[in-house]
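Peer 1: What follows is each chain in one-letter form.
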Amino acid sequence: MSNATTVDTHALDSDKIAVRQPSRFSLAGRTIWTPLLLSLLLVAIAVITFMIGSRPFNQTVIDVFVRVILVVGLYVFIGNSGVMSFGHIAFTCLGAYAAAWLTINPAMKKISLPGLPEWLLATKLPYWQAAVLASLFAGVMALIFGRVLMRLSGIAASIATFAVLAMINAIYSNWESVTGATSSVVGIPIVRTIWPYMIAAVVAVFIAWAHAISRSGLALRAARDEPTAAAASGVDIPRERLVAFAVSGAIMGLGGALMAHSVGVVTPDTFYLGLTFTTLSMLVVGGMGSLSGGVIGVVLLSALIQALRWLEAGVPIGDSTFAIPKGLQEIALGIIMIVILALRPTGLMGNREVTLFRKKTK
Amino acid sequence: MLQIVFDALTLGSLYALGALGIALIFGVMRLVNFAHGDVIAFCVFALLWPSVDAVAIVFAGNLPWYLLIPFVVLVGAGLSVLCEIVVFRRFRDASPATMMIASFALGFVIRYFLLMLFTSRPKSISLLPALSQPVEIFGARLPLLQLITIVTTLLVLAGLTIFLRRTRFGLEMRAAAENFAMARMLGVRANRVIMLAFALSGALAGAIALIFGSQTGTADIQMGAAIMLMAFIATVIGGLGSLGGAVLAGFLLGAASVVMQVVLPVDARPFRDAFVYGAVILVLLFRPQGLLVARGTKERV
Chain U
1 MSNATTVDTH ALDSDKIAVR QPSRFSLAGR TIWTPLLLSL LLVAIAVITF
51 MIGSRPFNQT VIDVFVRVIL VVGLYVFIGN SGVMSFGHIA FTCLGAYAAA
101 WLTINPAMKK ISLPGLPEWL LATKLPYWQA AVLASLFAGV MALIFGRVLM
151 RLSGIAASIA TFAVLAMINA IYSNWESVTG ATSSVVGIPI VRTIWPYMIA
201 AVVAVFIAWA HAISRSGLAL RAARDEPTAA AASGVDIPRE RLVAFAVSGA
251 IMGLGGALMA HSVGVVTPDT FYLGLTFTTL SMLVVGGMGS LSGGVIGVVL
301 LSALIQALRW LEAGVPIGDS TFAIPKGLQE IALGIIMIVI LALRPTGLMG
351 NREVTLFRKK TK
Chain X
1 MLQIVFDALT LGSLYALGAL GIALIFGVMR LVNFAHGDVI AFCVFALLWP
51 SVDAVAIVFA GNLPWYLLIP FVVLVGAGLS VLCEIVVFRR FRDASPATMM
101 IASFALGFVI RYFLLMLFTS RPKSISLLPA LSQPVEIFGA RLPLLQLITI
151 VTTLLVLAGL TIFLRRTRFG LEMRAAAENF AMARMLGVRA NRVIMLAFAL
201 SGALAGAIAL IFGSQTGTAD IQMGAAIMLM AFIATVIGGL GSLGGAVLAG
251 FLLGAASVVM QVVLPVDARP FRDAFVYGAV ILVLLFRPQG LLVARGTKER
301 V
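Protein chains in written order, with the numbering used here: chain U, 1 to 362; chain X, 1 to 301.
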């Protein structure tokens, strides 16, 4: 508030740039409803799950929250920069293994992962501290890779990010003494309550929102829509992309750490093409350019997958049970995705966000 | 030494044929077709009778070779054209990302359709067993199959070049690849050209299926994916939309994989793929548009 008043008095002076200051706060005010409503949706899902209290359903919803984190992480880079990335799951992999290194019982670590440095072998952190550190680690690695990759654009950048994914996968699948190669790393403490996952998902949504309305996020979106004009107006495109890449890398790492804690086991192949395409599909079906689209895409597609699985297991109708044949679940999912995309090529949300009020200007 | 050269050429041939199948479609409609790998798998399974047993019940695979080869190639072309008519025709105006995800979803559908009929267990098949006999050339003993793979690839490439340079369809395709809107205005029928591209790409998938199937002797639902990843990368390194570039990069990637396998110290060999992908990033950094830049894909300002 005091900031606004000083700006007001200065506005009469020649300081023209300061006059624009309030518009930034009003931007936050105008857009805050999006993350609030999305968080409300997530909290509602968590509360309903808690009240139902069924173990398998609880686990399903935890998976949904983890995927929300991952897709929001993808949105921060892909949505804002318009560059398709196939490599973000690499940072999820880094985050998951970092969480494993930090939380497995030291006695067990000495046997299964003897190649770790001495200090890491001796550490055992509570899961939430490990998750934060894993997220930072993934973010720093994204910063390092991004320094090189962000000089590329378009499809070359997409392929280069894919090469990063394949590279990390090749290293983690073969580095026996540190990652256990292709065999699973077990003994990661499992967290079964739903709240930490919900809180992390909400935090991810707010980070994505804060990045999107920050100076860097606005510049990046300007560069996405009009690269030439943005560059001519002084936007350093590689730099803004790098910021988004690091932020999204950190969110992906957080998702990876929580994913590790939700199942207690990590293998390199969990974090490869399958997860890459699941998360990308959710983002694209929801709407690539929209944070709400990402979250809604995850919730809808997850619900759809769950419903199809339920049908596959068999539903009693009267005396007989109705079940669809095995494998039809995936086929139906694929067909439904194609139909959604054919009807709405920009995804369910397009570029719009959910808000309470309609925008006055277009 | 000669063995290494032939290994590199064989692997390169597979990548080159795969990359060509992707580049053809990308050229005319800017679609990166992720379903291509699953079309390859489908071609192999078309030879078998649906069953859940581990032992494959060979069905069309018993045909003599002069019927077998056209059969597989036609299956590939047919499935590919079907994909275009049923799915991709609806995505003409969509963004590349949307088309890509749609093609991925389509590949998913094909893969799980196969899984439903055949289960996910790899099945051993003996496809054209006469080809695995070794022959001796310049003092190196090579399986006949390697030679045939290389020769077939060269023949396919030569045939495709003649087709694209000398026939009316080829001219239309090249025009469409260079500037699709302009070609349409000058009387090129868009749907026909795109269908032709899909048919050619599917026929190439059939060729890969035959070669890879007889090389590995197994039918696996995942088999398309491994080749496709490399082929996909080859298409981009070669310069998206440039057919020559795709072939060149396919052979280069094959050579890089084989040479690294030999040159790297034993400790580092498991990490071979990491080195290959690192090399890919380096190439992209120095030549982001690819080795050979296709006309019409340059960014315009």
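If you are wondering where the hints come from, they were derived from the structure by calculation, not from laboratory data.
A quick note: this is a predicted structure, and the numbers were derived from the prediction, not measured.
A virtual CB, placed ideally from N, CA and C, is assigned to each residue, including glycine.
Check before you lean on any hint, since a few could be wrong.
Claimed, not checked - Ranges of calculated distance between the beta carbons of each label pair, as one might list FRET restraints:
no., chain 1, residue 1, chain 2, residue 2, range
1, X, Leu117, U, Val148, 42 to 48 Å
2, U, Val186, X, Leu147, 31 to 37 Å
3, X, Ile85, U, Gly115, 52 to 58 Å
4, X, Ala226, U, Glu176, 52 to 58 Å
To be verified - One side only, chain X facing chain U, incomplete, derived with CB under 10 Å:
no., residue
5, Ile4
6, Arg111
7, Val259
8, Val262
9, Tyr277
Peer 1: Need the list of violated hint numbers for this structure, in ascending order.
Peer 2: 2, 4, 5, 7 and 8
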